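Q: Chains as they are written, first to last, in our numbering: chain W, 1 to 486; chain F, 487 to 591.
It is worth saying that the hints were derived from the structure and are not from the lab. None of these values were measured; they are calculated from a predicted model. Glycine included, C-beta positions come from ideal geometry on N, C-alpha and C. Certain hints may be false.
Heads up, simulated BS3-like pairs for lysine-lysine below, C-alpha to C-alpha not over 27 Å straight-line [said to hold, decoys possible]: (1) Lys369(W) <-> Lys167(W); (2) Lys544(F) <-> Lys496(F); (3) Lys157(W) <-> Lys32(W); (4) Lys432(W) <-> Lys359(W); (5) Lys359(W) <-> Lys303(W); (6) Lys32(W) <-> Lys540(F); (7) Lys540(F) <-> Lys33(W); (8) Lys510(F) <-> Lys157(W); (9) Lys157(W) <-> Lys301(W); (10) Lys33(W) <-> Lys510(F); (11) Lys157(W) <-> Lys200(W); (12) Lys200(W) <-> Lys496(F); (13) Lys510(F) <-> Lys496(F); (14) Lys544(F) <-> Lys32(W).
Every beta carbon over 10 Å from chain W, so not counted as near; a handful from chain F, in silico [to be verified]: (15) Pro500; (16) Asn516; (17) Ile524; (18) Gly528; (19) Gly534; (20) Thr550; (21) Tyr562; (22) Phe574; (23) Glu578; (24) Arg583; (25) Lys586.
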Amino acid sequence: MFNLFLAVSPEIFIINATSILLIHGVVFSTSKKYDYPPLVSNVGWLGLLSVLITLLLLAAGAPLLTIAHLFWNNFFRRDNFTYFCQILLLLSTAGTISMCFDSSEQERFDAFEFIVLILLPTRSMLFMISAHDSIAMYLAIEPQSLCFYVIAASKRKSEFSTEAGSKYLILGAFPSGILLFGCSMIYGSTGATHFDQLAKILTGYEGARSSGIFMGILSIAVGFLFKITAVPFHMWAPDIYEGSPTPVTAFLSIAPKISISANISRVSIYGSYGATLQQIFFFCSIASMILGALAAMAQTKVKRPLAHSSIGHVGYIRTGFSCGTIEGIQSLLIGIFIYALMTIDAFAIVSALRQTRVKYIADLGALAKTNPISAITFSITMFSYAGIPPLAGFCSKFYLFFAALGCGAYFLAPVGVVTSVIGRFYYIRLAKRMFFDTPRTWILYEPMDRNKSLLLAMTSSFITSSFLYPSPLFSVTHQMALSSYL
Amino acid sequence: MNTDITASAKPEYPVIDRNPAFTKVAGNFNTLDYCRFITLTGVSVTVGYLSGIKPGIKGASMVTGGLIGMMGGFMYAYQNSAGRLMGFFPNEGEVSRYQKRGFSS
Chain W
1 MFNLFLAVSP
11 EIFIINATSI
21 LLIHGVVFST
31 SKKYDYPPLV
41 SNVGWLGLLS
51 VLITLLLLAA
61 GAPLLTIAHL
71 FWNNFFRRDN
81 FTYFCQILLL
91 LSTAGTISMC
101 FDSSEQERFD
111 AFEFIVLILL
121 PTRSMLFMIS
131 AHDSIAMYLA
141 IEPQSLCFYV
151 IAASKRKSEF
161 STEAGSKYLI
171 LGAFPSGILL
181 FGCSMIYGST
191 GATHFDQLAK
201 ILTGYEGARS
211 SGIFMGILSI
221 AVGFLFKITA
231 VPFHMWAPDI
241 YEGSPTPVTA
251 FLSIAPKISI
261 SANISRVSIY
271 GSYGATLQQI
281 FFFCSIASMI
291 LGALAAMAQT
301 KVKRPLAHSS
311 IGHVGYIRTG
321 FSCGTIEGIQ
331 SLLIGIFIYA
341 LMTIDAFAIV
351 SALRQTRVKY
361 IADLGALAKT
371 NPISAITFSI
381 TMFSYAGIPP
391 LAGFCSKFYL
401 FFAALGCGAY
411 FLAPVGVVTS
421 VIGRFYYIRL
431 AKRMFFDTPR
441 TWILYEPMDR
451 NKSLLLAMTS
461 SFITSSFLYP
471 SPLFSVTHQM
481 ALSSYL
Chain F
487 MNTDITASAK
497 PEYPVIDRNP
507 AFTKVAGNFN
517 TLDYCRFITL
527 TGVSVTVGYL
537 SGIKPGIKGA
547 SMVTGGLIGM
557 MGGFMYAYQN
567 SAGRLMGFFP
577 NEGEVSRYQK
587 RGFSS
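Using the sequences provided together with the hints, build the complete structure.
A: Structure, rendered in structure tokens:
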């Protein structure tokens, strides 16, 4: 009986570690004896250690964790697809926590709860990725969402942060309700919540033979699309990404995309895929790509184009998912992996620049002259976002459009290519501002701290050199995609 | 609640015990398991100490790091030991030891 809990040992560890960190933070941050020390850095390092140990338990115990797949009435499923997404999630969380150490001091942001509120949704997202039942899925999504609402408002002295948290709470509760409504409609029409049962019932289901099933599938899709900021449910994203502290924005840009993409793949590819969902996702992919390319052009702040870029990249990643084939899922995994690395890279630099009060694109004018390495790294990241070969972003988009053409989506791929070209305008504009424009004001940029430098070195080296030997990533993601169909 | 131990991936190595008890798994720790436990604990204590220098809570941070490391190290060692008994990890040592005693069900 005890060994059944081995199947969820990484999750159990991270829950317990988070609880220990919370107690540690509460006791010592309010300690008069230690003069009320700021504990973000201390709890951050211990939190990073917890995430790395969780990663070790997950990666080293992979064959063992498949035991007890009948435990908890099949609520959770462990397979290669789960491992890949969970490992990517934990790496993204580790990267996000690494960004926090110095930026918390510079922005006078000394709430250690911030680190705890990153670890708690990580635990929920680990469960969400492996969820194989509607109830398990919803019970995992809600703690994740609640923590996100709070960390968006974690910078209490900032009106923008408070506004971001309030908006996120209101606009996040709504899709959660829609998602639950969809699950209840599916249950009411089929009597099933488990994805295996849904797969048997809905195999060959085409069109709206049952209005209940159709409404359920539509509501679930809307709930998920809202959470990953896909068009037309994206309106909240730029304001919330702009108002939140920069490491929070990085976390919100990466982590939920991984977990929700994994979950929606399980729900729809395994559980209930059909023409209904495919049309919805095709439309949202195209709309996200177009809006992500066009809306960022008018932005003048540094973070808002990145928010719109995130919306656009959701569209590209949805392209792979919309195909409904193994190559589509493989391209989705490749896309998410490379997107996570690029986003960590971009936000690490933005976080370093925020320390010198850089908020507007016009403030980047002196960066190439004072910090040329930072400028070059930022430019490389932007070119990778734009899909310029031979950087990693090009490989990601190439494979996504290749998968779209392979499944017969002959309209989707050209739209993606055209929107990529249009989107290059604002990516290259940032590089032009850094290298060729006269600075509006001369800003002395502070040197980047060691943690961010190391993070940037790792992510940038992958972005620039992955084209030399991409086959490990391709073979691993192919295996992961195959396992999602078994 | 279904408490049957079955795995979606079949064990590659001889199965000593399909569902070993906690005491049996903990008693099956080998030298490498203890090394894992001690290493993780040591690393965590060190991280806790170093991260506690700046806020001035070295000792307390060391203890917290030690707790996290002990828990993680024990879970890692337990995972490996259980995996060897269940046949998921290489287990020549366990096979030879239990062959002498006779396999338990």
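Q: Find the hints from earlier in the document that the structure breaks and name them by number, from lowest to highest.
A: 1, 2, 8, 10, 11, 19, 20, 21, 22
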